[in-house]
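A.B. asks: Sequence:
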Amino acid sequence: MDTIILRTNKLCKSFSIGGVQQHVLKNLDLSINKGDFTVIMGSSGSGKSTLLYALSGMDIPTVGDVFLGEENIAKLSNDKLALIRRKNCGFVFQSIYLLDNMNILDNVLTSGLLLNRNKKEVFHKAQTLLKSMGLNEQDFVKFPNQLSGGEKQRVAIVRAIINNPKILFADEPTGALNSASSTQVLDNFTRLNEDGQSIIMVTHDIKTALRGNRILYVKDGTVCGELNMKPYKLLESSNRMQKLQQFLGEMGW
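Residues in the sequence shown are numbered from 0 upward in steps of one, following the numbering used here.
Mixed in with the good hints, there may be bad ones.
Stated by the list, open to error - 27 angstroms max Cα-Cα, derived DSS-like pairs, lysine-lysine:
(1) K33 with K119
(2) K206 with K33
(3) K86 with K119
(4) K119 with K229
(5) K9 with K25
(6) K33 with K242
(7) K165 with K206
(8) K206 with K232
(9) K79 with K118
(10) K33 with K229
(11) K9 with K33
(12) K33 with K232
(13) K9 with K74
(14) K229 with K218
Stated by the list, open to error - Estimated spans, in silico, between C-beta atoms of each pair:
(15) K74 with Q245: 38 to 46 angstroms
(16) Q137 with V62: 37 to 45 angstroms
(17) E70 with V19: 31 to 39 angstroms
(18) S42 with N238: 23 to 31 angstroms
(19) L234 with S30: 40 to 48 angstroms
(20) N77 with E193: 20 to 28 angstroms
(21) Q244 with S13: 44 to 52 angstroms
(22) V19 with S147: 39 to 47 angstroms
(23) Q137 with G68: 35 to 43 angstroms
(24) E136 with N100: 17 to 25 angstroms
(25) K141 with I16: 38 to 46 angstroms
(26) N135 with N238: 30 to 38 angstroms
(27) K86 with C223: 18 to 26 angstroms
(28) W252 with E70: 16 to 24 angstroms
Hints were generated in silico from the structure; no laboratory data involved. Keep in mind the model is a prediction, meaning the values are calculated, not measured. Ideal placement from N, C-alpha and C gives every residue a C-beta, glycine not left out.
The task is simple: from the sequences and hints, build the whole structure.
C.D. replies: Written as structure tokens, this is what we have:
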């Protein structure tokens, strides 16, 4: 039986632009199951990134509820919300917000030590995770400006998962990477999902979207279509691409 870890109820988000209300999300009901790799797609301005930020608690909805487990994060104070995010959510963005004055190991440790004060334990876990992402020990003392874009994004993924988040949120994580680096990053996302990590990712790229087992298409602030597939397998990617292209065509992509 599927376990729902995140759900919304009549989710709405509006912005005032020049005194005119712009309704970006409209009465959106959505549930996310544990272990799913959910991909959110849609044209520019459709509300897909706004939805991601509302689901993660990075933005507060104008109206409606967002339940992470049994907690309605849309109704929490800023301090309580920050703690909930720290314990339950990991974030990976297109812009890689590593601290330039720290080496990559310290970038990860800084995040890990926010919840776990056992430095030895966090140090060992950070090293293990960095190695699992294909980074070598000699890389650990490098600073972000000494790494390629793909390497920096893999460090950002480690930083995002160091505290065992219930959900990993990603907003265009391969948008600034070349093809080879994108594939490496996506392979790591796939492996994390295979190990049970729940992932919600926004992307405009079809090859990136192939990695999801659930594709949501957002249009005019609502989810107007959904495609469910089996978990990603490289050998099945051709047939998977055909299904996704057909779905996107039906959505008016």
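A.B. asks: Does K232 lie within 27 angstroms of K33 when you go C-alpha to C-alpha?
C.D. replies: holds, 19 angstroms
A.B. asks: Assuming the hint says 18 to 26 angstroms, is it satisfied by the Cβ distance from K86 to C223 or not?
C.D. replies: violated, 33 angstroms
A.B. asks: Go ahead and decide if the range 30 to 38 angstroms is satisfied by the Cβ distance of N135 to N238.
C.D. replies: Between N135 and N238, where Cβ atoms are some 36 angstroms apart, the hint holds.
A.B. asks: Evaluate the given range 40 to 48 angstroms for the C-beta pair formed by L234 and S30.
C.D. replies: violated, 30 angstroms
A.B. asks: Against the range 38 to 46 angstroms, how does the distance between the Cβ atoms of K74 and Q245 compare: consistent or not?
C.D. replies: holds, 40 angstroms
A.B. asks: Within 23 to 31 angstroms: is that where the Cβ-Cβ distance between S42 and N238 falls?
C.D. replies: holds, 25 angstroms
A.B. asks: Can the restraint linking K9 and K33 be considered satisfied, given a maximum Cα separation of 27 angstroms?
C.D. replies: holds, 21 angstroms
A.B. asks: Next pair to validate is K9 with K74; report whether the Cα-Cα distance is within 27 angstroms.
C.D. replies: holds, 14 angstroms
A.B. asks: K206 and K33: Cα distance at most 27 angstroms?
C.D. replies: Distance of about 23 angstroms is within 27 angstroms: holds.
A.B. asks: Quickly compare the C-alpha distance for K165 and K206 to 27 angstroms and report which way the hint goes.
C.D. replies: With Cα atoms ~25 angstroms apart, K165 and K206 stay inside 27 angstroms; holds.
A.B. asks: Mind checking the hinted window 16 to 24 angstroms against the Cβ distance between W252 and E70?
C.D. replies: violated, 35 angstroms
A.B. asks: Please test the hint of 39 to 47 angstroms on the beta carbon pair from V19 and S147.
C.D. replies: Given a distance of about 43 angstroms, which is inside 39 to 47 angstroms, the answer is holds.
Consistency note: the structure conflicts with the earlier hints numbered 1, 4, 16, 19, 20, 21, 27, 28.
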